[in-house]
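Colleague: Here the protein sequences come in this chain order: A and B.
One point on numbering: in the numbering used here, the residue at position 121 of the first sequence is 121, and numbering is uninterrupted.
One point on numbering: in the numbering used here, the residue at position 70 of the second sequence is 1070, and numbering is uninterrupted.
Heads up, some of the hints might be wrong.
Stated by the list, open to error - In the SDA-like style, the derived pairs of lysine to any residue whose C-alpha atoms are separated by at most 25 angstroms in a straight line are:
#1 B:K1355 / A:K3
#2 B:K1411 / A:M154
#3 A:K26 / B:K1195
#4 A:K8 / A:D20
#5 B:K1007 / B:K1108
#6 A:K26 / A:E71
#7 B:K1201 / B:F1223
#8 B:K1135 / B:K1108
#9 B:K1108 / B:S1097
#10 A:K27 / B:K1161
#11 A:K194 / B:G1345
#12 A:K26 / B:M1359
#13 A:K56 / B:E1224
#14 A:K27 / B:E1221
#15 A:K234 / B:K1376
#16 A:K261 / B:S1281
#17 B:K1349 / A:E71
#18 A:K26 / A:L138
#19 B:K1201 / B:M1458
#20 A:K76 / A:V91
#21 B:K1195 / A:E40
#22 A:K76 / B:D1270
#23 B:K1007 / B:T1403
#24 A:K56 / A:D84
#25 B:K1266 / B:I1244
#26 A:K56 / B:K1328
#27 B:K1376 / B:K1349
#28 B:K1266 / A:E78
#29 A:K56 / B:N1208
#30 A:K27 / B:T1218
#31 A:K234 / B:K1007
#32 A:K76 / A:L138
#33 A:K3 / B:D1270
Worth flagging that the hints you see were computed from the coordinates, not collected in a lab.
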Amino acid sequence: MYKIVRKKVLNPTITLMEIDAPMVAKKAEPGQFIILRVDEDGERIPLTVADFDRDKGTVTIIFQIVGATTEKLNHKNEGEYIQDFVGPLGVASHTEGLKKVAVVGGGVGCAIAYPIAKKLHSLGCEVHSIVGFRNKDLVILEDEFGKVSDKLCMMTDDGSHGTKGLVTDALKQLIESGEKYDEVIAIGPLIMMKFVCALTKQYDVKTVVSMNPIMIDGTGMCGGCRLTVGGETKFACVDGPDFDGHLVDFDEAMERSSMYKPFERSKHEAVCNLYKNA
Amino acid sequence: MPNMSLKKNEMPAQEPNVRNKNFKEVALGYSEETALDEAARCLNCKNKPCVSGCPVNIDIPSFIHKVAESDFEGAYDVISQSSSLPAVCGRVCPQESQCEGKCVRGIKGDPVGIGRLERFVADRHNQHDDRPAAKPVPNGHKAAVIGAGPAGLTCAGDLAKMGYEVTVYEALHLAGGVLVYGIPEFRLPKAIVRKEIDGLKELGVTINTNTVIGKTITVDELFEQGYEAIFIGSGAGLPRFMGIPGENLKGVYSANEFLTRVNLMKAYNDDADTPVQHAKSVAVVGGGNVAMDAARCAKRLGAENVYIVYRRGEAEMPARNEEIEHAKEEGIIFKTLNNPVEILGDEHKFVTGMKCIEMELGEPDESGRRSPVEKKGSEFVLDVDCVIMSIGTSPNPLIRNTTKGLETNRKGCFVADENGLTSREGVYAGGDAVTGAATVILAMGAGKTAAKAMDEYMKSKS
C-alpha cells in the first residue's frame, strides 16, 4: 500500500497527489511513468511522473478525472492509501545537450511537460513554454512554469486568461519571429500533439511527443499500447513514451485510444452514482 | 493385488455446453474412492520409469503407495519434498509426455493417472491440512529471486527450505506469473495458486510485488543490498505479432493482453474495472496451449463463433491433446491449414474480418514438422470482429539491457549452463527466460536445479 502524503485540487477536473514511494522516487526521471491501482480488483492505469523528491521518497502525480479509476482516485484523501504503485517505467525524456527548447503543454499534459521544462532549465537550456487550457478556471502550474521558463506563453481557448488562441498559434508566431529551437517537446491531447507536429514539420523543427495510450502492465507484456511510428510498430511502455512526433501515426493512436469509450463512460457513471448515493 | 483395469479412472468434469458459459473449473477432481482405485493400478516398479519423466523428480510410486494406504498427508509430504506447487502441476503438467508417458501400465492400456492423483493429494491437503509449515532453520544467507512465476517460486521455495532468507521481486501487483495472468481460472483456479503461494510465505519467503527489476531496482543494486546469489525467472513475456496489415486495428489483441485482461484483471466479471471486448466472432491465431486458453476464454465471454486459425495441420499443433479436445468439446471451430494475411477493418478502425489463405504441408522444416506452403489463389475472408494473436512470446529485454555481463542469445534468452548459471558469477536463470516459451513444469525444474546450484555456490563462498 502506498500513502497519499499530499493532495491538492488544482482545478475542478485536475488533482495533484504526492505518493510515498521511495523506491520509485529514487529512480524516477522526467518523461517516465508509473502504473497504479486504486484498490483491490482495480484497473491498472498509467500516469506520467509529474515530479519527485528523492530525499522525501515521494512521487507526484497529476491526473484529470476522466473515468471510473481517476474518479475513485480523486475520492481518496491525504493520509489514505492506494493499492499499487509501480515504476518508474518507460524511457526518460532526452534532455542532454539541448540549448534552446520550446515546451508545449496542453491541459493536464502540462503536468508532464512541467518536470521536463524544469529539468531543461536546470541544465542551462533556454526554455520557452507554451501552455494551453480551455479557460482560466482550468489553468494549472502557471507559477511553476514561470519559474523555469525564459519565456511563457499562456493560451486559452476563450481568451479568459493570457492570449486567446491555440498553442499552435503561439508556437507558429515564435518560430516565424525567428526563434530557432533545437527541439520542440509537445505533451497534451493527441489532437494537439498532431497539430503541433504538423506545424513543426513545415519548419523542419525536431519534435518529441509523449504518448499515453491504453496499457495494462507497462513492461512490454501486453502490447496493448502499440503505436505505429515511422511505419514500425512500437510499444509506448518500453520504447517510449517519448517518440519523434513527425513519425507518429496520430490518427491510428486516436482511434486506438477510443477502443473502450462506451465501457469507460458507463463505468464512470456507475462510480459517480456510487459516490452520490453514499 | 494391483488393480489391473486397463482404463484410467475418468475424472468428472463440467458438461461442455455448461462450462463454455462459465469460468468455473472444468475438471472436478477424483473422489477419495476413485483415488484409491486409481492408486491401486500402480505396480510400484523398482526402477521407477515415471520418476525419470518428471522434471522435478517426484518419487511418484512412493506417493501413490501412500495414497493406496489412505495416508494422504504422507503422500503430500512425499510430493512436497520435490515440488513446491503440487496442486498447480497436477492440473497443468503435460503428464502424457512426462511421467505418464513413461508408465509401464501405458504399454498395454492407459498409464496410471499420476497427474490426477497428484491433484487429488494436493487438493485434499489444501482442504484439510492446517498444520503450520515447518519453519526451516535460518542459515544466515540471503538470496534474491526475480519473477514470481513457476521458475522463481520453485527456486524460492527450495532455497527457503534450505534455510536461506529469500526475497522474490515481482513486476505485477500479484505473484504467480503465468499462473495468474495467463492460465485461465477454469483450468487453474486462482484460489489454488494463492494457497500455494501462501505456503511459500509460511516458509519465510518474502514477496515484493510492484518491483520491476531493471527499472525500480537493478541486479547490481540487489547485490549491493547483500544478496549473495540471484535467480532470474523473468519469463518470456513479450508478445509477437505477425507483421501483417491491420494488426493495429481495434479488436486485435496479443494473447497476453487478452488473457491478462480476462484472468489477472478479472474482466470476465461484469463488475470488473478492466474492460475486454465481448466479441461476436473471434479468430485466435496459433496452435499452442495459449491459443486454446484464449479461444476458450473468448467462448466463455459469449462469442458465438470462435476459430482457431493455424497454418499447419492439427497433428502439428503444439497444444496438448487434452486441451485441443476440451476446446473442440466446447464448440471451438478449428481452421487448420489456414494462415492470416491481412486483418480488415471499418471506417472506425474496428475489426470486420480476417483475410486468410489456405495452406498445404510441404517438406519437413528444421523443427521436423512439415512446413506449410500457401495455396495460390485460395484467399478467403473469415467474418470476425476480434483477432487474438497467439503466435509466441520472447523474453523481456528489461533485465538484459540494464545488467552488465549477462550473455543472451540471438532470441534474447539468457545463456545459462545446465545448472542455471549465467555468464555472471552468482547470477542464475531458468524457465522461459532461458528456454523461450515452454511449460510450467520445465520452468519449475529449472528453478529447482538452480536452487541447488545456488546453495552450493553460496556455501562455497562462506
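Colleague: For every hint, state whether the structure bears it out.
Modeller: Checked hints:
About 51 angstroms separates the Cα atoms of K1355 (chain B) and K3 (chain A), which puts this hinted pair outside 25 angstroms; it is violated. Only pairs whose Cα atoms come within 25 angstroms are accepted, and K1411 (chain B) paired with M154 (chain A) is rejected, the gap being roughly 50 angstroms. The straight-line distance between the Cα atoms of K26 (chain A) and K1195 (chain B) is roughly 34 angstroms, outside the 25 angstroms bound, and the hint therefore fails. For a cut-off of 25 angstroms, the pair hint linking K8 (chain A) to D20 (chain A) stands: about 15 angstroms separates their Cα positions.
Of the supplied pair hints, the one linking K1007 (chain B) and K1108 (chain B) holds, its CA atoms being roughly 10 angstroms apart against a limit of 25 angstroms. Annotation: proposed proximity of K26 (chain A) to E71 (chain A) is violated, straight-line Cα distance about 28 angstroms (limit 25 angstroms). For the suggested pair K1201 (chain B) and F1223 (chain B), the alpha carbons sit about 22 angstroms apart, so the restraint of at most 25 angstroms is met. As the CA atoms of K1135 (chain B) and K1108 (chain B) are separated by approximately 45 angstroms, the hinted pair breaks the 25 angstroms bound.
The suggested pairing of K1108 (chain B) with S1097 (chain B) holds, with an alpha-carbon distance near 16 angstroms, which does not exceed 25 angstroms. Of the supplied pair hints, the one linking K27 (chain A) and K1161 (chain B) is violated, its CA atoms being roughly 34 angstroms apart against a limit of 25 angstroms. With a C-alpha separation of about 23 angstroms, the suggested pairing of K194 (chain A) with G1345 (chain B) holds against the 25 angstroms cut-off. Distance restraint check for K26 (chain A) and M1359 (chain B): the Cα-Cα separation of roughly 54 angstroms exceeds the 25 angstroms cut-off, and the hinted pair is therefore not satisfied.
Proximity of K56 (chain A) to E1224 (chain B) is assessed by CA-CA distance (about 22 angstroms); at most 25 angstroms being required, the pair is judged to hold. Our distance criterion of 25 angstroms between C-alpha atoms is met by K27 (chain A) and E1221 (chain B), whose separation comes to about 12 angstroms. For the suggested pair K234 (chain A) and K1376 (chain B), the alpha carbons sit about 32 angstroms apart, so the restraint of at most 25 angstroms is broken. For the hint pairing K261 (chain A) with S1281 (chain B), the CA-to-CA distance comes to about 21 angstroms; that is within 25 angstroms, so the pair holds.
Taken as a hint, the K1349 (chain B) and E71 (chain A) pair is broken in the structure, with Cα atoms around 29 angstroms apart against an allowance of 25 angstroms. Straight-line distance between C-alpha atoms of K26 (chain A) and L138 (chain A) comes to about 31 angstroms, which puts the hinted pair past the 25 angstroms bound. Between the alpha carbons of K1201 (chain B) and M1458 (chain B) the distance comes to roughly 22 angstroms, so the proposed pair stays at or under 25 angstroms and holds. For the hint linking K76 (chain A) to V91 (chain A), the alpha-carbon distance of about 29 angstroms lies beyond 25 angstroms, and the restraint is violated.
Under the criterion of a C-alpha separation no larger than 25 angstroms, the hint pairing K1195 (chain B) with E40 (chain A) is consistent with the structure, at around 18 angstroms. Our distance criterion of 25 angstroms between C-alpha atoms is met by K76 (chain A) and D1270 (chain B), whose separation comes to about 24 angstroms. A C-alpha spacing of about 53 angstroms is found between K1007 (chain B) and T1403 (chain B), which places the hinted pair above 25 angstroms, so the restraint is violated. A hinted pair counts as satisfied when its Cα atoms are at most 25 angstroms apart, and K56 (chain A) with D84 (chain A) qualifies at roughly 19 angstroms.
Between K1266 (chain B) and I1244 (chain B), the direct Cα distance comes to roughly 30 angstroms. Violation of the 25 angstroms bound is thereby established for this hinted pair. With a C-alpha separation of about 57 angstroms, the suggested pair K56 (chain A) and K1328 (chain B) falls outside the 25 angstroms cut-off, and the hint is violated. Pair hint K1376 (chain B) plus K1349 (chain B) does not hold up; C-alpha atoms about 28 angstroms apart against a cutoff of 25 angstroms. Distance hint between K1266 (chain B) and E78 (chain A) is unfulfilled; the C-alpha atoms sit about 29 angstroms from each other, more than 25 angstroms.
Distance restraint check for K56 (chain A) and N1208 (chain B): the Cα-Cα separation of roughly 21 angstroms lies within the 25 angstroms cut-off, and the hinted pair is therefore satisfied. Among the hinted pairs, K27 (chain A) with T1218 (chain B) is consistent with the structure: their alpha-carbon atoms are about 10 angstroms apart, no more than 25 angstroms. This hinted pair does not check out: K234 (chain A) and K1007 (chain B) have alpha carbons roughly 52 angstroms apart, beyond 25 angstroms. Straight-line distance between C-alpha atoms of K76 (chain A) and L138 (chain A) comes to about 21 angstroms, which keeps the hinted pair within the 25 angstroms bound.
For the hint pairing K3 (chain A) with D1270 (chain B), the CA-to-CA distance comes to about 29 angstroms; that exceeds 25 angstroms, so the pair is violated.
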